[in-house]
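**Student:** Read off the chains here:
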Amino acid sequence: MVNDLNLMVAGPQGSGINFTSDTFAKVMTREGYYVFTNAELFSTIKGEHSYFRVRVSKDVIRSYSERVDILIPLDARSVILHKRELSPEGAIISEENLDDPRHAALPYRDILQTVATKFGKNLSELNVMKNTIALAAATKMIGLGGEKLKKVISENFASKPQIAQLNNAVVDEVYSKFSSNKKFDMEPTKYSKRMLINCTQAVGMGKVEAGMKFQSYYPITPASDESNYLESIMGEYDFVVEQTEDEISAINMAIAASNTGLRSATSTSGPGFSLMVESLSYAGMTETPVVVFYYQRAGPSTGMPTRHEQGDLRFALSAGHGEFPRVVIAPGDNTESFYDTIESFNIAEKYQLPVIVLLDKAMAMSNMTVEQFDLAKVRIDRGKLILKETSNYLRYKLTDDGISPRSVPGVKGGLVMIAGDEHDEDGHIFTEDADNRIKMMNKRMKKMGAVLKNTPEEMKVKFYGEQKNKKVVVSWGSTKGPILDALELVKNTSFLQVRMMEPFPVEEVTKYLKGKTIIDVEQNYSGQLADLIREKTGLVADSRIVKFNGRPIAYEELVRAFARVPKEKEVVLDYA
Amino acid sequence: MLSTVKPQSYKTDVEIDWCPGCGDFGILNALVLALQELKIPNENVVLTGGIGCSSKIPHYVNVNAFHTLHGRSLAQGQAVKIANPQLEVISASGDGDGLGIGSGHFVAAGRRNVDMTYLIFDNGVYGLTKGQASPTLPYGEMPKSLETENIKFPVNPLFLGLASGFTFVSRSYSYNIKHLKETIIRAMKHKGLSLIDIMQPCVTYNNINSKEFYDPRLYDIEKEGWNPLATSEREYKEKISQAVVKALEWGDRIPMGVFIEYQTETYDQKLQKLIPQYGKKNYVMEPIDSDGRPLGDATKLMDSFC
Numbered sequence: 005m006v007n008d009l010n011l012m013v014a015g016p017q018g019s020g021i022n023f024t025s026d027t028f029a030k031v032m033t034r035e036g037y038y039v040f041t042n043a044e045l046f047s048t049i050k051g052e053h054s055y056f057r058v059r060v061s062k063d064v065i066r067s068y069s070e071r072v073d074i075l076i077p078l079d080a081r082s083v084i085l086h087k088r089e090l091s092p093e094g095a096i097i098s099e100e101n102l103d104d105p106r107h108a109a110l111p112y113r114d115i116l117q118t119v120a121t122k123f124g125k126n127l128s129e130l131n132v133m134k135n136t137i138a139l140a141a142a143t144k145m146i147g148l149g150g151e152k153l154k155k156v157i158s159e160n161f162a163s164k165p166q167i168a169q170l171n172n173a174v175v176d177e178v179y180s181k182f183s184s185n186k187k188f189d190m191e192p193t194k195y196s197k198r199m200l201i202n203c204t205q206a207v208g209m210g211k212v213e214a215g216m217k218f219q220s221y222y223p224i225t226p227a228s229d230e231s232n233y234l235e236s237i238m239g240e241y242d243f244v245v246e247q248t249e250d251e252i253s254a255i256n257m258a259i260a261a262s263n264t265g266l267r268s269a270t271s272t273s274g275p276g277f278s279l280m281v282e283s284l285s286y287a288g289m290t291e292t293p294v295v296v297f298y299y300q301r302a303g304p305s306t307g308m309p310t311r312h313e314q315g316d317l318r319f320a321l322s323a324g325h326g327e328f329p330r331v332v333i334a335p336g337d338n339t340e341s342f343y344d345t346i347e348s349f350n351i352a353e354k355y356q357l358p359v360i361v362l363l364d365k366a367m368a369m370s371n372m373t374v375e376q377f378d379l380a381k382v383r384i385d386r387g388k389l390i391l392k393e394t395s396n397y398l399r400y401k402l403t404d405d406g407i408s409p410r411s412v413p414g415v416k417g418g419l420v421m422i423a424g425d426e427h428d429e430d431g432h433i434f435t436e437d438a439d440n441r442i443k444m445m446n447k448r449m450k451k452m453g454a455v456l457k458n459t460p461e462e463m464k465v466k467f468y469g470e471q472k473n474k475k476v477v478v479s480w481g482s483t484k485g486p487i488l489d490a491l492e493l494v495k496n497t498s499f500l501q502v503r504m505m506e507p508f509p510v511e512e513v514t515k516y517l518k519g520k521t522i523i524d525v526e527q528n529y530s531g532q533l534a535d536l537i538r539e540k541t542g543l544v545a546d547s548r549i550v551k552f553n554g555r556p557i558a559y560e561e562l563v564r565a566f567a568r569v570p571k572e573k574e575v576v577l578d579y580a
Numbered sequence: 049m050l051s052t053v054k055p056q057s058y059k060t061d062v063e064i065d066w067c068p069g070c071g072d073f074g075i076l077n078a079l080v081l082a083l084q085e086l087k088i089p090n091e092n093v094v095l096t097g098g099i100g101c102s103s104k105i106p107h108y109v110n111v112n113a114f115h116t117l118h119g120r121s122l123a124q125g126q127a128v129k130i131a132n133p134q135l136e137v138i139s140a141s142g143d144g145d146g147l148g149i150g151s152g153h154f155v156a157a158g159r160r161n162v163d164m165t166y167l168i169f170d171n172g173v174y175g176l177t178k179g180q181a182s183p184t185l186p187y188g189e190m191p192k193s194l195e196t197e198n199i200k201f202p203v204n205p206l207f208l209g210l211a212s213g214f215t216f217v218s219r220s221y222s223y224n225i226k227h228l229k230e231t232i233i234r235a236m237k238h239k240g241l242s243l244i245d246i247m248q249p250c251v252t253y254n255n256i257n258s259k260e261f262y263d264p265r266l267y268d269i270e271k272e273g274w275n276p277l278a279t280s281e282r283e284y285k286e287k288i289s290q291a292v293v294k295a296l297e298w299g300d301r302i303p304m305g306v307f308i309e310y311q312t313e314t315y316d317q318k319l320q321k322l323i324p325q326y327g328k329k330n331y332v333m334e335p336i337d338s339d340g341r342p343l344g345d346a347t348k349l350m351d352s353f354c
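If you read the sequences in order, they're chains A and B. For our numbering, add 4 to where a residue sits in the first sequence, where the first one is 1. For our numbering, add 48 to where a residue sits in the second sequence, where the first one is 1.
The following block holds chain A by itself, in its conformation from the complex:
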């Protein structure tokens, strides 16, 4: 019996690899298994070598594995590149004549010819369905009924029923003709209704639930998947997604829509965020509730647009000239992405400041099975928003907590004056009075203390494992997945996930790390969180495990690395 099965589909970009892996992942999710996928693709549309992994287990999994059990190569090159990852008991599903005992051969041409004849088509029209042959062979080896695969294929091609019919005929043909000595009998599991999603979809659903009404964006990998998802549902869920001429416009539009009274956001990646920086400072000065969803990718500059990195933590914390309050939140998985999205709007409106939600390519392009969100837990807090008639209104009125009542255009008696220059309580700028400057700086900056004080611990940090453990791994963002998977195999080690990066939860981080052997794990070159922890708490990480080759961490790499620390001060992971 197999309880941890890894399938890889590899081939030239545009040859249907994502269709193959997505369909397989969906079928296994429907069977009640936990699924985790990883996509490695080039920043091109067609031709370059790309590969998708699908890991399946009856137990919770949160990362991909180095091992491949079933390899589906869609060209000869993929066999050469990936057979070393294939386990000795694994199978290569291919039509090529391979000198490899793991080869599970199929007569691709005969299968396609039979279906072509049956439907009166030319063989060349069916060539694109080679991946369906391999997919059906894989599900058959796992022991699944062909009907289950056909149902998912029919859903995928709902708008093209004839294509679905042809693909499903290919499935029937494989199921009736193909038999292999290779079998991957999965340990049985109980069905439970779960979603198969990546974090762009989790964030999108969070925005619907949060009542967001305006999103602006400029196309950029890997952030635009989220905006494109929102565009596909905006008609039904009643909000605006605006594709702008550049990221400067994107954040300015989000800021203006927010100051007009809508919950507003923009989504981008590093290069786009770089363009937004001046306006982020403006949002801080004007006390505008705006949320930036920041999907990190490998930089600097254009870097590797489709590859993963957590290299922008220090940038997100310091971006923008001058000093202003901001909140930076880093969810570690899809479920957190959903709830944190909603909370980011609450924080932005309650404290009237910009919030940055740090996400990354690994989360944006990895699908995983998650339980359905508990919508009963969700709360909306719009803070001191005024939508009814008011009088003697001052947009920047000095108050005990630094937060002023917030009127918007259209409210009688509540005319709003917003200004990016230093201003009086009424928003006018014709004072550079020294006392006023001190009052206004204090007003804005004191919000940070309130955020720290009022935010519950689980928004700031999460601690996994036993408190008595001497070794504590510390990390942030999507490394949470491989860390938790690795720690199931490593004894006496706990994990502290830092979730709020600004204002920094000094008290909580100190509580969990003081007196411990601190192992920092990050997907960047320098260990930016370790530096931040030292700056804020004085605590020094004993070892840093980093990976910056553009690929997410496989959990096995971490298991090996944990055995080398704290003896080794730095471990660089390089699995690709």
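Treat the hints with care, as some may be off.
[To be verified] Once the Cα atoms are required to be at most 20 Å apart in a straight line, the calculated PhoX-like pairs of lysine-lysine come out as:
#	chain 1	residue 1	chain 2	residue 2
1	B	Lys329	A	Lys392
2	A	Lys474	A	Lys571
3	B	Lys271	B	Lys226
4	B	Lys237	B	Lys318
5	A	Lys515	A	Lys475
6	A	Lys155	A	Lys197
7	B	Lys87	B	Lys59
8	A	Lys457	A	Lys388
9	A	Lys401	A	Lys388
10	A	Lys495	A	Lys571
11	A	Lys520	A	Lys495
12	A	Lys381	B	Lys348
13	A	Lys466	A	Lys416
14	B	Lys59	A	Lys416
15	A	Lys197	B	Lys348
16	A	Lys475	A	Lys571
17	A	Lys416	B	Lys329
18	A	Lys416	B	Lys87
[Claimed, not checked] Here are some, though not all, of the chain A residues that point toward chain B, as calculated from beta-carbon distances under 10 Å:
#	residue
19	Ala168
20	Lys217
21	Thr248
22	Ala260
23	Val415
These are computed hints drawn from the structure, not numbers from a lab. In this text, a Cβ means the ideal position worked out from N, Cα and C, and glycines have one as well.
Since the structure of chain A is provided, determine the placement of chain B on it from the hints.
**Tutor:** Okay, now just chain B, sitting in the frame of chain A:
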């Protein structure tokens, strides 16, 4: 300082810090007169400005006012109108703000055709930074504030506005308050994106493009028989080429007036094609929660991923 203006006044009592004689005063007066004539409730008007002398105008008009960043007046103005189409939106920029640092937004705005009005205070110099050459300063000119003559060709705001798709393109003059007021009213009444390129002498730094320069040169094209109205796409295409010829005129005679006025689909109408409820509900005033419980419901979306 607390505002003590009467509710229906469109002028604030904030002290104005433009130079004495600045062309900006005429624009402020014309705008206030236009608002008084149209009688739109103050709270339903939003005026945005960028950065520069002219972009301080939001502080002087008693409406909602967004004093934004350099070059971002129009980007923010469009978003205000998209967020709440019931508001009357006017954006103000200098020619540096709108056609230099903000030129990308200018061009993109034409593609949307948001129903709003864009005023360009056009004086050929960056006044607030002591008079450097701005995008509309004619080639070879050297106003007294410049260190060298201007070796860049100028941008023609009207030509660029026509090319970008602004559906109301006009020019007026800050010392002709009557014409400017009337043009602002027509621009605000126009359904779609309106541009007014306002000749606005900078008395401190631009000694060339002064009142003495403009007074004898400016003439009203509509008084000379030009009818800017295009009532069909065909007519629009015919008129736009003639409007371009007029827009390029610059010399002993400088044209002003409305060059094109074309009623076509506005951005809110286009958005409604994608979002059926858009504009029918007021997103701003519509609640998103009931006692903290969200009214948005992701249940069906979650199901779609199961």
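**Student:** Confirm or reject each hint.
**Tutor:** Here is how each hint holds up against the structure:
| no. | hint | in the structure |
| --- | --- | --- |
| 1 | Lys329(B) <-> Lys392(A) | holds, 17 Å |
| 2 | Lys474(A) <-> Lys571(A) | holds, 14 Å |
| 3 | Lys271(B) <-> Lys226(B) | holds, 14 Å |
| 4 | Lys237(B) <-> Lys318(B) | holds, 19 Å |
| 5 | Lys515(A) <-> Lys475(A) | holds, 14 Å |
| 6 | Lys155(A) <-> Lys197(A) | holds, 16 Å |
| 7 | Lys87(B) <-> Lys59(B) | holds, 13 Å |
| 8 | Lys457(A) <-> Lys388(A) | holds, 18 Å |
| 9 | Lys401(A) <-> Lys388(A) | holds, 12 Å |
| 10 | Lys495(A) <-> Lys571(A) | holds, 17 Å |
| 11 | Lys520(A) <-> Lys495(A) | holds, 15 Å |
| 12 | Lys381(A) <-> Lys348(B) | holds, 17 Å |
| 13 | Lys466(A) <-> Lys416(A) | violated, 45 Å |
| 14 | Lys59(B) <-> Lys416(A) | holds, 17 Å |
| 15 | Lys197(A) <-> Lys348(B) | holds, 14 Å |
| 16 | Lys475(A) <-> Lys571(A) | holds, 12 Å |
| 17 | Lys416(A) <-> Lys329(B) | holds, 19 Å |
| 18 | Lys416(A) <-> Lys87(B) | holds, 15 Å |
| 19 | Ala168 | violated, 18 Å |
| 20 | Lys217 | holds, 5 Å |
| 21 | Thr248 | holds, 7 Å |
| 22 | Ala260 | holds, 4 Å |
| 23 | Val415 | holds, 6 Å |
Taken one by one, the earlier hints fail for this structure at numbers 13 and 19, listed in ascending order.
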